[in-house]
Amino acid sequence: MNLVINNKTYEIDSDADTPLLWVIREEVGLTGTKFGCGLAQCGACTVLVDGEPCRSCVTPVESVVGKQITTIETIEEDAVGKKVVEAWVEAQVPQCGYCQSGQVLAATALLKRNPNPSDADIADAMVNLCRCGTYNGIVDAIHAASRQA
Amino acid sequence: MPDTSLKTAAVPQPAKGHAGTAHAHDSAERHVSGSAVYIDDIREVAGTLHIAPVLSTRAHARILSVDLSGAEAVPGFVTALTPADVPGVNNFGAVKLDDPIIAEDLIEFWGQVVLAVAGETLEAARAAARAVKITYEDLEPILSIERAIELDATVAPPLTMKSGDAAAAMATAKHRLSGTFNVGGQDHFYLEGHIAYAVPQEEGDMLVYSSTQHPTEVQHLVSRSLAIPDHAVTVEVRRMGGGFGGKETQPAQIAAIAALIARKTGRPAKLRLDRDEDMIATGKRHDFLIKYEVGFDDSGRIEALAMDLHARAGYSSDLTNAVVDRAMFHAGSCYYLSNARITGHRNKTHTVSNTAFRGFGGPQGYLAGEEVVDEIARYLGKEPLEVRKVNFYDREGERTRTHYGQPVEDFILHELVPALAEQAEYDKRRAEVRAFNEKSPVLKKGLYLTPVQFGISFTATHFNQAGALVHVYSDGSVMLNHGGTEMGQGLYLKVAQVVAREFGIDVARVKITATNTSKVPNTSATAASSGSDLNGMAAQDAARQIKERLVAFAAGKYGCAPEEVRFADNMVEAGAEKISFAALARAAYMARTQLSAAGFYATPKIHWSRETASGHPFYYFTYGAAVAEVIVDTLTGEYRLLRADLLHDVGRSLNPAIDIGQIEGAFVQGTGWLTSEELWWDKAGRLRTHAPSTYKIPTVRDIARDFRVTLYENENVEPTIHRSKAVGEPPFLLANAVFFALKDAVGAAIGYKGSPKLDAPATPEQVLMAIEALRQATGQ
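Chain order of the listed sequences is A and B.
Read in numbering that gives the first Met the number 0, the first sequence has 65 at position 66, and its numbers run on one by one without any break.
Read in numbering that gives the first Met the number 0, the second sequence has 762 at position 763, and its numbers run on one by one without any break.
Isolated chain A (complex conformation) (with noise of 0.2 Å):
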């Protein structure tokens, strides 16, 4: 089967119900997107598919084939990517960094929905979690790149 990851087509050896999270990183070789929990609840495999959010650990290939993947390692190709990266380095957010590749995809994916999110919208949309306690430059980074927008 073929995928396409960052607008590159992949020819993909591996089962159908893979989940892509392997896939991404075991096949193709792109290892910003991290194996968290493996069980979607934490976020750090999270990676765009036709630009929503999705939660690479438990989402079998199969699913995936004929629609556009988005890494973190081509987040900045896009626009409102690019800002958000930006915001994310100038409000320092990341400690260890582990689950930021996430965050940043789930911030992306919100600014493009919504581009001038509330508090109240960030809490919803943001439940990656970070054990380094991120949350308030996250939320800081995601306010400063909707001004940007």
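Calculated from the structure, these hints are not laboratory results.
Mixed in with the good hints there might be a few duds.
As the list claims (entries may be wrong) - Think about it this way: if two alpha-carbon atoms lie no more than 25 Å apart in a straight line, the pair counts; the simulated SDA-like pairs of lysine to any residue are:
id, chain 1, residue 1, chain 2, residue 2
1, B, 510, A, 7
2, B, 695, B, 710
3, B, 510, A, 89
4, B, 695, A, 124
5, A, 7, B, 15
6, A, 111, B, 698
7, B, 695, A, 39
8, A, 7, B, 39
9, A, 81, B, 40
10, A, 7, B, 40
11, A, 7, B, 36
12, B, 695, A, 123
13, A, 111, B, 29
14, B, 695, A, 81
15, A, 7, B, 29
16, B, 15, A, 85
17, B, 427, B, 749
18, B, 510, A, 119
19, B, 427, B, 442
20, B, 695, A, 119
21, B, 427, B, 710
22, A, 81, B, 29
23, A, 81, B, 656
24, B, 15, A, 26
25, B, 381, B, 169
26, B, 695, A, 89
Said to hold, decoys possible - On the chain B side, residues computed to face chain A include the following (Cβ under 7 Å):
id, residue
27, 27
28, 30
29, 31
30, 40
31, 44
32, 46
33, 240
34, 507
35, 664
36, 687
37, 692
38, 699
We put the beta carbon where it would ideally sit given N, CA and C, even for glycine.
Dock chain B against the given chain A, drawing on the hints supplied.
Using the frame of chain A, we list chain B on its own:
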């Protein structure tokens, strides 16, 4: 793009990112582009095996039989690691040999590693692990601290710290209170779980990539298990996806299993625990059962305190002795104890062996001390902040000595607490909360201020040393290596900023390199908040040695006095000459000057004797205070944190942006510990909260709506690196304000009559039960 400015810069340019400036985390851009490499991202060598552990399904049992036939039939099965496959010591206990890498015949907690299975793929390894059949003979487990106390089950003897005569002072005190207080444990929940990747080298050597805060210990314990010298094992870690203490002693088992499989098969081997395995099989923060009796006068001043702190060690000792010691050091919070008897017990249970976690027992002991003072204030009907203030240490005189004999020489809470109270409008808002509560029958607010004092240094004195390695290359670029590890706390950057400041160059010219036991040996864990104190000083020492040689060279070459040589703005001034740092490095190299140095630091002043339970275990203290305001739905127990004001002392900050991030994050993590994070074992001793679906860490929704964090203007009285102070752990204790604000709101539910009984964590369920209990007790 490579930085070519090194070669070309000849004009002075203000050096960027020195110690003391808010320079961005060195990995920030890599974190948000996906190019920051964690252990799991290292490209695997062809032929790499994958490992799955087989965990026990009993809390206490003898292993009767292990049947591998099912596993061996799984396609892709390669081997199983049993105790017979361990050529050296089958134990990863760093202090005491009571932590088997692979269980021998006795199981002592549900989730203990019985064996490890290696496969060609992770799927094969997991399938094979599931097919292993084990039979057990069940033994009676001890599953609670209460039961361990009944049976006097311990992993180590108790220790008592004393000041004055607690029994005599208790007998004559005008008021006395006693109580029992439970403080819960906590899972680290680093987003990157435990992982190790072992790659065999020639001559039986082993290279191990390990997600560890303590590479040297992993090196030593892997070599011990392989029965080879330390020099044959190299451990490297560039960064961790969070550590928080969970990767201090625990990674050695993971690394040893990977290395033992690699040795047995001659192939690279990788072990990455799944989330539930990580939560079930590796240690957590100790939960405590605390019993106390306190005697005090009319003002609320403590005259006598007797306290027994019972920690759940779990099945083995691990770091429990030191964790409980720290709980005891901090059991008086920031209050002078004229007559105290503080006893710490290390209770054994058949549960996972608890370990280091940000604060290392300090938060549990400190919370107990705060609970005591809070109960005094309620009993006397006094403003709790006033009772806290009358118990503060004095700045000088008799009331400065701790119950373990150390004088407090840097106490600043007399200034810091009023400063926070003023900026957070404490008095005004306390009154507003009272007024709100009078009019609001269901929703009740609580608002509290709690102070923090935290002792800095490893209490195991020998850990208070560090090494660093600095090279200046002939193009003027600098390489830095030291024993500290990067887990998100920004240590690598802070130390690089120190080195950049010594040479007067941009921090971007200092290459930060992965911690590696072959570069700097015999290092200590990056723990006890000591990372920048220790490694910053060691790196400064290394840089200064090179600088001295450069100064001597420049003075000779340009005919000036050594004191006329200055390093600033990426340039070096030598008398009338002014050249770029790169040009000086080149010239010095041509003149055969050594441009590499190993630096070293050992913390002065500290000593501690467990035999006499006294000494000077801490180099200095850090301070802070927090005001938290919460609102509670008294019909459901649900609550929200409305506002948090934090004022925290980091001395003269090495990097204010990173320090603010540490303070915010520690407060969030501490709030999780005291509110939503509940570990729950069933009657068979099986942890049932082993995934984010059942174990609730804070999310963006849980942070304060209004979150104000300020650094307190101060400098360390001790000559630490640029007079800064440690930051990792102390702000974790700021979250105590949330706990006591919730207790305040519980009290408000029945019009501040009676004293609520609230244990930690104050989950919504606990809050509701506390309200109900109070209603029944007061007949409302």
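Hints and how they fare:
1. 510(B) x 7(A): violated (34 Å)
2. 695(B) x 710(B): Distance of about 29 Å is beyond 25 Å: violated.
3. 510(B) x 89(A): holds (22 Å)
4. 695(B) x 124(A): holds (17 Å)
5. 7(A) x 15(B): Outside the cut-off at roughly 39 Å; violated.
6. 111(A) x 698(B): holds (22 Å)
7. 695(B) x 39(A): holds (14 Å)
8. 7(A) x 39(B): Distance of about 24 Å is within 25 Å: holds.
9. 81(A) x 40(B): holds (24 Å)
10. 7(A) x 40(B): holds (21 Å)
11. 7(A) x 36(B): Answer holds: residue 7(A) to residue 36(B) is near 23 Å, not above 25 Å.
12. 695(B) x 123(A): holds (16 Å)
13. 111(A) x 29(B): At roughly 23 Å apart (the allowed maximum being 25 Å), residue 29(B) and residue 111(A) satisfy the hint.
14. 695(B) x 81(A): violated (32 Å)
15. 7(A) x 29(B): Holds, because 22 Å separates the two Cα atoms, which is no more than 25 Å.
16. 15(B) x 85(A): Judged against 25 Å, a Cα distance of about 20 Å means the pair holds.
17. 427(B) x 749(B): Cα-Cα ~22 Å, so holds.
18. 510(B) x 119(A): Status violated; Cα separation ~41 Å.
19. 427(B) x 442(B): holds (20 Å)
20. 695(B) x 119(A): Roughly 20 Å separates the two Cα atoms, so the pair holds.
21. 427(B) x 710(B): holds (23 Å)
22. 81(A) x 29(B): Distance ~14 Å between residue 81(A) and residue 29(B) Cα, so the pair holds.
23. 81(A) x 656(B): holds (22 Å)
24. 15(B) x 26(A): At roughly 41 Å apart (the allowed maximum being 25 Å), residue 26(A) and residue 15(B) break the hint.
25. 381(B) x 169(B): Cα-Cα ~21 Å, so holds.
26. 695(B) x 89(A): violated (29 Å)
27. 27: At 5 Å from the nearest chain A Cβ, residue 27(B) passes the 7 Å test, so the hint holds.
28. 30: holds (3 Å)
29. 31: holds (5 Å)
30. 40: holds (4 Å)
31. 44: Violated. Min distance 14 Å.
32. 46: violated (15 Å)
33. 240: holds (3 Å)
34. 507: This interface hint is violated because 14 Å lies over the 7 Å limit.
35. 664: holds (3 Å)
36. 687: Given a least distance of 15 Å, the restraint on residue 687(B) is violated.
37. 692: Given a least distance of 6 Å, the restraint on residue 692(B) holds.
38. 699: holds (4 Å)
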